[in-house]
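Visitor: Counted the way this note's numbering counts, the sequence shown spans residues 165 to 337.
Calculated from the structure, these hints are not laboratory results. Honestly, I wouldn't trust all of these hints.
Said to hold, decoys possible - The calculated DSS-like cross-link candidates involving lysine-lysine, where the alpha carbons are at most 27 angstroms apart (straight line), are:
{"#": "1", "residue 1": "205", "residue 2": "192"}
{"#": "2", "residue 1": "318", "residue 2": "223"}
{"#": "3", "residue 1": "301", "residue 2": "271"}
{"#": "4", "residue 1": "279", "residue 2": "301"}
{"#": "5", "residue 1": "318", "residue 2": "271"}
{"#": "6", "residue 1": "205", "residue 2": "298"}
{"#": "7", "residue 1": "271", "residue 2": "205"}
{"#": "8", "residue 1": "192", "residue 2": "298"}
{"#": "9", "residue 1": "279", "residue 2": "223"}
{"#": "10", "residue 1": "233", "residue 2": "223"}
{"#": "11", "residue 1": "205", "residue 2": "279"}
{"#": "12", "residue 1": "298", "residue 2": "233"}
{"#": "13", "residue 1": "298", "residue 2": "318"}
{"#": "14", "residue 1": "298", "residue 2": "223"}
{"#": "15", "residue 1": "271", "residue 2": "233"}
Said to hold, decoys possible - Have a look at the derived ranges for each label pair, beta carbon to beta carbon:
{"#": "16", "residue 1": "194", "residue 2": "235", "range": "46 to 52 angstroms"}
{"#": "17", "residue 1": "213", "residue 2": "166", "range": "48 to 54 angstroms"}
{"#": "18", "residue 1": "168", "residue 2": "332", "range": "38 to 44 angstroms"}
{"#": "19", "residue 1": "305", "residue 2": "235", "range": "35 to 41 angstroms"}
{"#": "20", "residue 1": "275", "residue 2": "335", "range": "44 to 50 angstroms"}
{"#": "21", "residue 1": "194", "residue 2": "280", "range": "33 to 39 angstroms"}
{"#": "22", "residue 1": "275", "residue 2": "201", "range": "35 to 41 angstroms"}
{"#": "23", "residue 1": "264", "residue 2": "217", "range": "15 to 21 angstroms"}
Even for Gly, the Cβ is constructed at its ideal location relative to N, Cα and C.
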Amino acid sequence: GVQYEETSYEGYGPGGVAIFMEVMTDNKNRTVGELRATLGKNGGNMGENGCVAWIFEQKGLISINTSEKGEEELLELIIEAGGDDMQTFDNYYEITTSVESFESVRKAIEDASIKIQSAELTRIPQNTVNVEEKNCKSLLRLMEMLEDHDDIQKVYSNFDITDELMASIEENS
């Protein structure tokens, strides 16, 4: 049988954007070669282990439709269950938890008969890098190629593209 291994790789995209990749592979040498080539062809490079991991904090992330519950009631429930924070967007709440309190917060929400849209453990960047226009297209292409790679389970990065820049790219593509 084929032996699969879970591992992670780190690197940089165009403009110094940090990229953290969670990988499941049956051949580390093949995977690392492919990722190094993909990064290199798109203005990035592979980094040493630990070079960007510190930028990404592991967190629980739970999304709930705003129609499910009032903001104050939900916030109270979240804090009591050990959640860290809650942000309100147009039509949903985004709740962050520590990895340790993720399950208890998720369970408290379910026990209150509140429907969860999504709940996952993720990595949230502590800081972001504003992407310049000249790097934007190659960075987005790189991210798409990494997300499409068979061995990659998840890709995290810390880039920030302004809405204006994103709109101009979409118009011109």
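Visitor: Keeping to a limit of 27 angstroms between CA atoms, is the pair of residue 233 and residue 223 held or broken?
Guide: Given that 27 angstroms is the threshold and the Cα spacing comes to 23 angstroms, the pair holds.
Visitor: So if I understand the rule, the pair passes when the alpha-carbon distance is 27 angstroms or less; does residue 205 with residue 279 pass?
Guide: Between residue 205 and residue 279 the Cα gap is close to 43 angstroms, so the pair fails against 27 angstroms, i.e. violated.
Visitor: Given the proposed pairing of residue 192 with residue 298, does the C-alpha separation stay at or below 27 angstroms?
Guide: 33 angstroms, violated
Visitor: For the pair supplied as a hint, residue 271 and residue 233, confirm whether the alpha-carbon distance does not exceed 27 angstroms.
Guide: Holds, because 16 angstroms separates the two Cα atoms, which is no more than 27 angstroms.
Visitor: Should the hint that residue 264 and residue 217 are 15 to 21 angstroms apart at their CB atoms be regarded as holding?
Guide: The hint (15 to 21 angstroms, Cβ to Cβ) holds, given that residue 264 and residue 217 are roughly 19 angstroms apart.
Visitor: Check whether the Cα positions of residue 318 and residue 271 lie no farther apart than 27 angstroms.
Guide: 25 angstroms, holds
Visitor: Quick one, are residue 279 and residue 301 close enough, alpha carbons at most 27 angstroms?
Guide: Judged against 27 angstroms, a Cα distance of about 37 angstroms means the pair is violated.
Visitor: Within 44 to 50 angstroms or not, the Cβ separation of residue 275 and residue 335?
Guide: The hinted range 44 to 50 angstroms holds for residue 275 and residue 335, with Cβ atoms some 47 angstroms apart.
Visitor: Against the 27 angstroms threshold, does the CA-CA distance of residue 301 and residue 271 hold or violate the hint?
Guide: 41 angstroms, violated
Visitor: Holds or violated: residue 318 with residue 223, Cα cutoff 27 angstroms?
Guide: 14 angstroms, holds
Visitor: Given the hinted pair residue 279 and residue 223, is their alpha-carbon gap at most 27 angstroms?
Guide: Between residue 279 and residue 223 the Cα gap is close to 20 angstroms, so the pair holds against 27 angstroms.
Visitor: Could you tell me whether the CB distance from residue 168 to residue 332 stays inside 38 to 44 angstroms?
Guide: 42 angstroms, holds
Checked against the numbered hints above, the structure violates hints 3, 4, 7, 8, 11, 12, 14, 17 and 22; every other hint is satisfied.
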